[in-house]
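Chemist: Residue-level listing of the chains:
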Amino acid sequence: MTVGFGLALRPPTGEDLMKTVTKSIFAASLMLAGSQFAYMTPALADGHAKCAVESGRISIVGNEFPAIQTVGKGVMECAKDGVEVKTNLTADHQKINVAGMTGNPAEYTSAIVANSSIVALMNDDLIRPLDDLVAKFGGNLKPNQLVSVNGKVMAVAFMANAQHLVFRKDILEKAGLTPPKTYEEMIAGGKKIKEMGLLENPLGGPYAAGWNLAQEFVNMYIGHGGEFYKAGSAEVSINNEQGVAALDMLKQVASLSNPDYLTHDSNGTSAEWKAGNMAMMNMWGSRVEPLKSADGSTEEVAASTDIAGPMTVGGGSIPATTLWWDGFTISKNISDEDAEATFKAYMHAIRPDIIKDEEVSKQAVWLLDGYQPTDAAKGVFAAAQGGAKPYPMLPYHGLLHSALGAELPDYLQGKEDAAKTLADVEAAYNAAAKEQGFLN
Amino acid sequence: MKHKTFFWFFLPTGLAMLLFIALPIVSVVIQSVYTPHEQVIIEVENCGPFGCTKATTVDNEATAALREAQPLGRFVGLDLYFNRGHLATQEIAASWSSSASIGEFFSDIFNLPFYRALAFTLTYTFVVTPLLIVLGFVIAVAVNNLSTWLKGPVIFFSLLPMIVTPLVGSLILFWMVDSRGVLGAALQYLANDPGLSLKSSTPLTWIMLMVYGVWSSAPFAFVVFYAGLQTLPQDTLESAMIDGATRWQRIRYVVIPHLMPLVTFVALIQLMDNFRVFEPVVGFKAEAHATTLSWIIFNDLGGETRLLSSAATTSVLTIIGIAILLLPVLVRTWRDFNAKT
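Listed in order, the protein sequences are those of chains A and B. According to this note's numbering, the residues represented by the first sequence are 1 to 440, in order. According to this note's numbering, the residues represented by the second sequence are 441 to 781, in order.
Accuracy of the hints is not assured; some may be wrong.
[To be verified] Think about it this way: if two alpha-carbon atoms lie no more than 25 Å apart in a straight line, the pair counts; the simulated DSS-like pairs of lysine-lysine are:
{"#": "1", "chain 1": "B", "residue 1": "K494", "chain 2": "A", "residue 2": "K230"}
{"#": "2", "chain 1": "B", "residue 1": "K494", "chain 2": "A", "residue 2": "K152"}
{"#": "3", "chain 1": "A", "residue 1": "K434", "chain 2": "A", "residue 2": "K420"}
{"#": "4", "chain 1": "A", "residue 1": "K142", "chain 2": "A", "residue 2": "K152"}
{"#": "5", "chain 1": "A", "residue 1": "K73", "chain 2": "A", "residue 2": "K136"}
{"#": "6", "chain 1": "A", "residue 1": "K389", "chain 2": "B", "residue 2": "K494"}
{"#": "7", "chain 1": "A", "residue 1": "K50", "chain 2": "A", "residue 2": "K378"}
{"#": "8", "chain 1": "A", "residue 1": "K169", "chain 2": "A", "residue 2": "K192"}
{"#": "9", "chain 1": "A", "residue 1": "K142", "chain 2": "B", "residue 2": "K494"}
{"#": "10", "chain 1": "A", "residue 1": "K169", "chain 2": "A", "residue 2": "K80"}
{"#": "11", "chain 1": "A", "residue 1": "K434", "chain 2": "B", "residue 2": "K494"}
{"#": "12", "chain 1": "A", "residue 1": "K152", "chain 2": "A", "residue 2": "K174"}
{"#": "13", "chain 1": "A", "residue 1": "K73", "chain 2": "A", "residue 2": "K356"}
{"#": "14", "chain 1": "A", "residue 1": "K73", "chain 2": "A", "residue 2": "K95"}
{"#": "15", "chain 1": "B", "residue 1": "K494", "chain 2": "B", "residue 2": "K780"}
[Said to hold, decoys possible] Derived CB-CB ranges, DEER-like:
{"#": "16", "chain 1": "A", "residue 1": "E416", "chain 2": "B", "residue 2": "K780", "range": "52 to 62 Å"}
{"#": "17", "chain 1": "B", "residue 1": "S641", "chain 2": "A", "residue 2": "A294", "range": "33 to 43 Å"}
{"#": "18", "chain 1": "A", "residue 1": "A52", "chain 2": "B", "residue 2": "P452", "range": "32 to 42 Å"}
{"#": "19", "chain 1": "A", "residue 1": "N440", "chain 2": "B", "residue 2": "E508", "range": "41 to 51 Å"}
{"#": "20", "chain 1": "B", "residue 1": "R507", "chain 2": "A", "residue 2": "P129", "range": "14 to 24 Å"}
{"#": "21", "chain 1": "A", "residue 1": "K169", "chain 2": "B", "residue 2": "V594", "range": "48 to 58 Å"}
{"#": "22", "chain 1": "A", "residue 1": "K169", "chain 2": "B", "residue 2": "L590", "range": "53 to 63 Å"}
{"#": "23", "chain 1": "B", "residue 1": "E508", "chain 2": "A", "residue 2": "K136", "range": "30 to 40 Å"}
{"#": "24", "chain 1": "A", "residue 1": "K420", "chain 2": "B", "residue 2": "P643", "range": "19 to 29 Å"}
{"#": "25", "chain 1": "A", "residue 1": "N440", "chain 2": "B", "residue 2": "T445", "range": "55 to 65 Å"}
Worth flagging that the hints you see were computed from the coordinates, not collected in a lab. From the three backbone atoms N, C-alpha and C, an ideal C-beta is built for every residue, glycine too.
From just these sequences and the hints, can you work out the full model?
Modeler: This is the structure we're talking about:
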């Protein structure tokens, strides 16, 4: 019921990446703190025959988008006498997972994370290596599902995600355009659509100040071939040619977007898309499925929404996007018995069988054995094949991401030039990194 | 009251205050002078679904040893208070010596996160507080003059903005002032400017937030003043009428002086409330145009890597800010109190 409150503010199709959305929902859930327990429904259902867990405690915290709900449901099937199972799937998972795994024994035996959010857990030494559990019980896992750091498996990934091009076939046809391969083509196409009077603000994307905007910069900077840090150190270096070019391209996209773009997170952008106001955008793969439904939109928009691989920028060969995985980790501060129970429950929840269900297979780009890419997955696959880089999994990158999200709006609003903004980002990052002990 | 009686009477309250007010403040102050240990970073190879990359990670064993030695973290004294995220003394000094004009100096200052937030927080506090007091007073006097059967429903509707949770209220308005929303479209029509967008302009966003602030807090002032109006000395009012005082003169010389202590009370509460303004910034997604001190704390706590010490520092600075802000009101109350005894 409380989940319903969150969903009322957004379509139920979030993914792990959407931080800004969570901010409003976070506050909402604070108000509902009393009913927080409604999230954590203890499983009362009879044990599922196939789940091999015999005893132990399983308690999972993670995001709430459909694919993770599926995994959570699978884990819940392990509940029976002697096996206590709880799942707490909420958009605010990142605000509670560190605290909930710090105690001994930890409240959560596992957190579902992505390549950015695993870092906070590793920084505080809250998750355990999974090598022995994988060797004993991980027979169904493919080698590329194992996320290892320094040779130790720290997480098991079950799905992939990326941002890529989403476009309106009908409008592109009317304007005589083909789906753009580069951002430069997209800008030219956007201008043409605007001049022809087809749409007032033909472009867009999740450019909301904060996490989303920072993510777009990360995409664009990588697309320009930029490196965020001086090799092997936490010393940031983005105030360079690539940084300026990346900012310039963001501004060009913004100039053809709805003027409120700094408030448009993935939900806001999706709403704009569904209202039929946009023709092209760079969007999360996991967000596309709802755009193809006429619910809250029109048949015309839904039927002509199509996707393609991510674009390159500035003559670069690496797509201006990042690759993401979502997967599970297991707490360090719990008994080995509980760790084993949790691992086995996941093995039940993400057994390759689950993707035989057509609905489930469309929920994500599953990394499970036997997964056949659906049509909705071609954008993410194109990103991987095009040589897109994974989002940086570095202990201090979260600090840079926050600094970017806070400082970039000044440039886009024309309050200062690119070099000044980039210098501000570096200064904000340096202050934070010093505080956290990454820099002296 | 005997001292002993007073002691036992006050003990539960005193203990609760110690536990829930004093101790947390002490804890926040301590957290603001300690920061995490210097991180021991090692180069590693990370592998995953997308292949292997060279990366770095925190050496947990080495960090555990550091933690064992100093459980609170590094003592940094007041370093955080003066760093760029807070008072930014170095940046201000550098700007003072390098900027060509006073305007440039101020634009440098308001480019720093703390001062930017402070500027909006103070503007908001000092614009919204008087406006909501005036508006609350006007509503209270108006409602007080209504016929009895109308009073109930009108009071109920006047209280609605306060009943609506701030976050929900601001979200509702957020969609209404959207350029495709009811209010946003109406404004575009009135201004005859189809490109007008409240959310993309800093001054308009500030005005929007302040209007929201007055709207949501005026009912509080209204309720307090309305209660005060019920205790108006009728004798004084009547004698004023016999003396030929006009309606305005009665309000100016009888009603307002009678309500003055309540104005102090409302001002005190609302200054505190408005100084910690937070929900509208989140609800209106206004962070690109307006940030507040509370929002900075929230942002530090909500990032991918949480800046706990930084949040503690901003919290202490906010407490100091509230203390400074309330000082005149408190001094005034103290004087009134002394004058009466």
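Chemist: Each hint needs a verdict: does it hold in this structure or not?
Modeler: Against the structure, the hints come out as follows:
1. K494(B) <-> K230(A): holds (13 Å)
2. K494(B) <-> K152(A): Status holds; Cα separation ~14 Å.
3. K434(A) <-> K420(A): holds (21 Å)
4. K142(A) <-> K152(A): OK: K142(A) and K152(A) at ~16 Å, within 25 Å.
5. K73(A) <-> K136(A): holds (23 Å)
6. K389(A) <-> K494(B): This hinted pair holds, its Cα atoms lying about 12 Å apart.
7. K50(A) <-> K378(A): Violated, at roughly 33 Å.
8. K169(A) <-> K192(A): This hinted pair holds, its Cα atoms lying about 15 Å apart.
9. K142(A) <-> K494(B): holds (22 Å)
10. K169(A) <-> K80(A): The hint is violated at about 51 Å.
11. K434(A) <-> K494(B): Measuring from Cα to Cα gives roughly 23 Å; hence the hint holds.
12. K152(A) <-> K174(A): Violated - the C-alpha atoms of K174(A) and K152(A) are around 53 Å apart, more than 25 Å.
13. K73(A) <-> K356(A): Judged against 25 Å, a Cα distance of about 16 Å means the pair holds.
14. K73(A) <-> K95(A): Given that 25 Å is the threshold and the Cα spacing comes to 22 Å, the pair holds.
15. K494(B) <-> K780(B): violated (74 Å)
16. E416(A) <-> K780(B): 52 to 62 Å: Between E416(A) and K780(B), where Cβ atoms are some 55 Å apart, the hint holds.
17. S641(B) <-> A294(A): 33 to 43 Å: holds (34 Å)
18. A52(A) <-> P452(B): 32 to 42 Å: Cβ of A52(A) to Cβ of P452(B): about 54 Å, so the range 32 to 42 Å is violated.
19. N440(A) <-> E508(B): 41 to 51 Å: violated (22 Å)
20. R507(B) <-> P129(A): 14 to 24 Å: holds (20 Å)
21. K169(A) <-> V594(B): 48 to 58 Å: holds (55 Å)
22. K169(A) <-> L590(B): 53 to 63 Å: Holds, since K169(A) and L590(B) (Cβ atoms, about 59 Å apart) stay within the stated range.
23. E508(B) <-> K136(A): 30 to 40 Å: This hint holds: roughly 32 Å between Cβ atoms.
24. K420(A) <-> P643(B): 19 to 29 Å: holds (22 Å)
25. N440(A) <-> T445(B): 55 to 65 Å: holds (59 Å)
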